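Letter by letter, the chains look like this.
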Amino acid sequence: MADNEAGVAEQGTEQEQEFQYAIKIEDIGPAAKKVTVEIPQDRIAAKLDEQYKELRQQAAIPGFRIGHAPRKLIEKRFADDVKEQVAGTLVRESYQQAVGKNNLQVIGEPEFDNADIIKLPTDGPLNYSFQVEVQPDIKLPDFANLKVNKPKITITEVNVDQAMQNLREQQGTLVPVEDRPIESGDYVVADVHLKSEGNVIAHQHDAQLVARPGRIAGLQVDDLDAQLAGAKSGDTRTITVKAPDTHPNEQLRGKDIQVEVAVKDIKKLELAEITPEFLADLGFDNEQELRLALREQMDEKIASDVQQAMREQVSRYLLENTQIELPTKMSDRQADRVVSRRAIDLMMRGIPRDQVEANVERLRAGAQEEAGRELKLFFILQKIATDQGVDVSEGELNGRVAFLAAQRERRPEKLKQEMQKDGSLSNLYVQMREQKAVDKILEQAKVEEVEMTRQEGEAAAAPAASEQSAENQG
Amino acid sequence: MDKTNIIIKPLVTEKSTHQQNTRNAYAFQVTRSATKPEIKKAVEKLYEVKVVDVRTMNRKGKPRRSRFKMSHTSDWKRAIVVLAENSRIELF
Numbered sequence: 001m002a003d004n005e006a007g008v009a010e011q012g013t014e015q016e017q018e019f020q021y022a023i024k025i026e027d028i029g030p031a032a033k034k035v036t037v038e039i040p041q042d043r044i045a046a047k048l049d050e051q052y053k054e055l056r057q058q059a060a061i062p063g064f065r066i067g068h069a070p071r072k073l074i075e076k077r078f079a080d081d082v083k084e085q086v087a088g089t090l091v092r093e094s095y096q097q098a099v100g101k102n103n104l105q106v107i108g109e110p111e112f113d114n115a116d117i118i119k120l121p122t123d124g125p126l127n128y129s130f131q132v133e134v135q136p137d138i139k140l141p142d143f144a145n146l147k148v149n150k151p152k153i154t155i156t157e158v159n160v161d162q163a164m165q166n167l168r169e170q171q172g173t174l175v176p177v178e179d180r181p182i183e184s185g186d187y188v189v190a191d192v193h194l195k196s197e198g199n200v201i202a203h204q205h206d207a208q209l210v211a212r213p214g215r216i217a218g219l220q221v222d223d224l225d226a227q228l229a230g231a232k233s234g235d236t237r238t239i240t241v242k243a244p245d246t247h248p249n250e251q252l253r254g255k256d257i258q259v260e261v262a263v264k265d266i267k268k269l270e271l272a273e274i275t276p277e278f279l280a281d282l283g284f285d286n287e288q289e290l291r292l293a294l295r296e297q298m299d300e301k302i303a304s305d306v307q308q309a310m311r312e313q314v315s316r317y318l319l320e321n322t323q324i325e326l327p328t329k330m331s332d333r334q335a336d337r338v339v340s341r342r343a344i345d346l347m348m349r350g351i352p353r354d355q356v357e358a359n360v361e362r363l364r365a366g367a368q369e370e371a372g373r374e375l376k377l378f379f380i381l382q383k384i385a386t387d388q389g390v391d392v393s394e395g396e397l398n399g400r401v402a403f404l405a406a407q408r409e410r411r412p413e414k415l416k417q418e419m420q421k422d423g424s425l426s427n428l429y430v431q432m433r434e435q436k437a438v439d440k441i442l443e444q445a446k447v448e449e450v451e452m453t454r455q456e457g458e459a460a461a462a463p464a465a466s467e468q469s470a471e472n473q474g
Numbered sequence: 001m002d003k004t005n006i007i008i009k010p011l012v013t014e015k016s017t018h019q020q021n022t023r024n025a026y027a028f029q030v031t032r033s034a035t036k037p038e039i040k041k042a043v044e045k046l047y048e049v050k051v052v053d054v055r056t057m058n059r060k061g062k063p064r065r066s067r068f069k070m071s072h073t074s075d076w077k078r079a080i081v082v083l084a085e086n087s088r089i090e091l092f
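Chains as they are written, first to last, in this note's numbering: chain P, 1 to 474; chain Y, 1 to 92.
In short, the hints are calculated from the structure, not lab data.
As the structure is a prediction and not an experimental result, all values here were calculated from the model.
Please note: incorrect hints may appear among the correct ones.
What the hints assert, rightly or not - Listed below are the simulated BS3-like cross-link pairs for lysine-lysine, each with C-alpha atoms no more than 25 Å apart in a straight line: (1) K232(P) / K264(P); (2) K50(Y) / K9(Y); (3) K77(Y) / K41(Y); (4) K76(P) / K15(Y); (5) K34(P) / K101(P); (6) K150(P) / K436(P); (7) K24(P) / K34(P); (8) K72(P) / K41(Y); (9) K139(P) / K446(P); (10) K383(P) / K101(P); (11) K15(Y) / K53(P); (12) K147(P) / K414(P); (13) K40(Y) / K69(Y); (14) K15(Y) / K72(P); (15) K9(Y) / K76(P).
Unchecked claim - Residues from chain Y that face chain P, not an exhaustive set, calculated with beta carbons under 7 Å: (16) V12; (17) T13; (18) E14; (19) H18; (20) F92.
Glycine residues also receive a C-beta, built at the ideal position from the N, C-alpha and C atoms.
Just chain P, same shape as in the assembly:
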């Protein structure tokens, strides 16, 4: 008998899923909707009835065998719980219907008005309303007009020579110098004291410096080699530097800072000779092979840089030529994320927490714009991906994960599991989808080749990289 009843109840739910709720949708602001839903009384009653029936089959009440307690007793005992549950189910169900039937592409969580008073009324219908942010309307520009410059970079022997030189420097050995003062290009070990208006503000013992334009303790010194030239071990040189307006410490901005460099040790970099042993160490038989490998390396780098540059052009074009109204709350949230990302970035660079927090307001101003751009691009690319039927298959995703795993020397399955857990797998998916969408546009765009030398190309493609290397020298 119990089985029969369960069967009936199930059928009942199937029918009820087709139940139509009274749903009203209003526009409020850009890409935001207010949805009002009314759940009629008989619907509530039916749902309650179903719930009680189910509960009766399971409730263990002292004095009664399971399934034999009178309905009235159960209603009295579990009324609050059941009502809450039914309210939850009905709201969820009607919410899904409201979203599904009207094709609302909801972003983020809906915001319920008076969420804590959504309870079943003792009599009459249940009304509630919520606000959601939806996928904004996007008018995509015509890709036929899109022109993309493809940097054409040729590698000459000079480039390869330069690469060889770099390689020899990397593999070179530092030889102590005792018989002469510092010359340009020397490696110097020194104690560095930063002073401002007579007070020491920072110091660094045994700092490694290179006598060429670079940074000392975060300050750019353009003539470091000239300033240090001629100093001997044991000498102290004072260099005066104007702190930049962007200096993390506000009080120092625009002020003169005295950098005292007490030279302790001078070393010279001796380039590695290209000997058969040197080549064998790197896994090559002769110099020709090494040069070829370097050239290939550069080719690869250039190819990916070129692709990157072209993608950036597409992104810029899309941003400039697409009309889109961003949901305000969402952009605020994104801005928050950008701010916190930057704040963490600053803290990682060793700027004290309270200073970072003091600067958050200023960060926010810039972040708003960046967040808007990021979001815009995200929506546009998602839209394009959907329109053009771009999708990333499971296989492709696995391939990328395997690639990442190989880079990190991990097992692919393990890495995938981890990524699934912390959500970065879906990020990767979105990223790949976006990339494919951009590539799809690139296929349709007019590509124009532009001649560039390697240096220009590198400067255009990787400004960030050069900045990084400058910092490493400091």
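Given the coordinates of chain P, assemble chain Y onto it according to the supplied hints.
For chain Y alone, kept in the frame of chain P given last:
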């Protein structure tokens, strides 16, 4: 003797519910010293109903063991009260 709390609690069980439906009889736990007339009066006053019949039974407490000693729960008295046809008690 103080018999202010004659009726201790109604007994809501499968059996008692069944008897309510079939012969309008209600079960209560009552004070052990309560007599049938006292129970009748108490029920009539408490629930404003007309009592037709009262039957009582003394229930022995169940044996319980604590460590090495045997003991038992308290003995108690059950009363089955039959009401007049037009009287009803809403226990739940």
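Consistency of the hints with the structure:
Between K232(P) and K264(P) the alpha-carbon distance is near 8 Å, which keeps this suggested pair within the 25 Å criterion. Taken as a hint, the K50(Y) and K9(Y) pair is honoured in the structure, with Cα atoms around 18 Å apart against an allowance of 25 Å. For the hint pairing K77(Y) with K41(Y), the CA-to-CA distance comes to about 17 Å; that is within 25 Å, so the pair holds. About 19 Å separates the Cα atoms of K76(P) and K15(Y), which keeps this hinted pair within 25 Å; it holds.
Note on K34(P) and K101(P): the hinted pairing holds, with a Cα-Cα distance of about 15 Å set against a maximum of 25 Å. For a cut-off of 25 Å, the pair hint linking K150(P) to K436(P) stands: about 18 Å separates their Cα positions. For the suggested pair K24(P) and K34(P), the alpha carbons sit about 8 Å apart, so the restraint of at most 25 Å is met. Only pairs whose Cα atoms come within 25 Å are accepted, and K72(P) paired with K41(Y) is rejected, the gap being roughly 28 Å.
Taken as a hint, the K139(P) and K446(P) pair is honoured in the structure, with Cα atoms around 21 Å apart against an allowance of 25 Å. Taking the CA atoms of K383(P) and K101(P), the gap is near 20 Å; set against the 25 Å cutoff, the hint holds. For the suggested pair K15(Y) and K53(P), the alpha carbons sit about 21 Å apart, so the restraint of at most 25 Å is met. With a CA separation close to 43 Å, the supplied pair K147(P) and K414(P) exceeds the 25 Å bound.
For a cut-off of 25 Å, the pair hint linking K40(Y) to K69(Y) is broken: about 39 Å separates their Cα positions. At roughly 16 Å between alpha-carbon atoms, K15(Y) and K72(P) fall within 25 Å of each other, so this suggested pair holds. Of the supplied pair hints, the one linking K9(Y) and K76(P) holds, its CA atoms being roughly 18 Å apart against a limit of 25 Å. For V12(Y), the interface hint holds, since its Cβ comes within 7 Å of a Cβ in chain P; the closest pair sits about 6 Å apart.
With its C-beta approaching chain P no nearer than about 3 Å, T13(Y) sits inside the 7 Å limit, and its interface hint holds. Given the 7 Å rule on beta carbons, the hint for E14(Y) holds: about 5 Å separates it from the nearest Cβ of chain P. Annotation: interface hint on H18(Y) violated; nearest CB of chain P at approximately 10 Å, more than 7 Å. Interface hint at F92(Y): satisfied, since its Cβ lies 5 Å from the closest Cβ of chain P, which is below the 7 Å cut-off.
In the structure shown, a violation is registered for the earlier hints numbered 8, 12, 13, 19, in ascending order.
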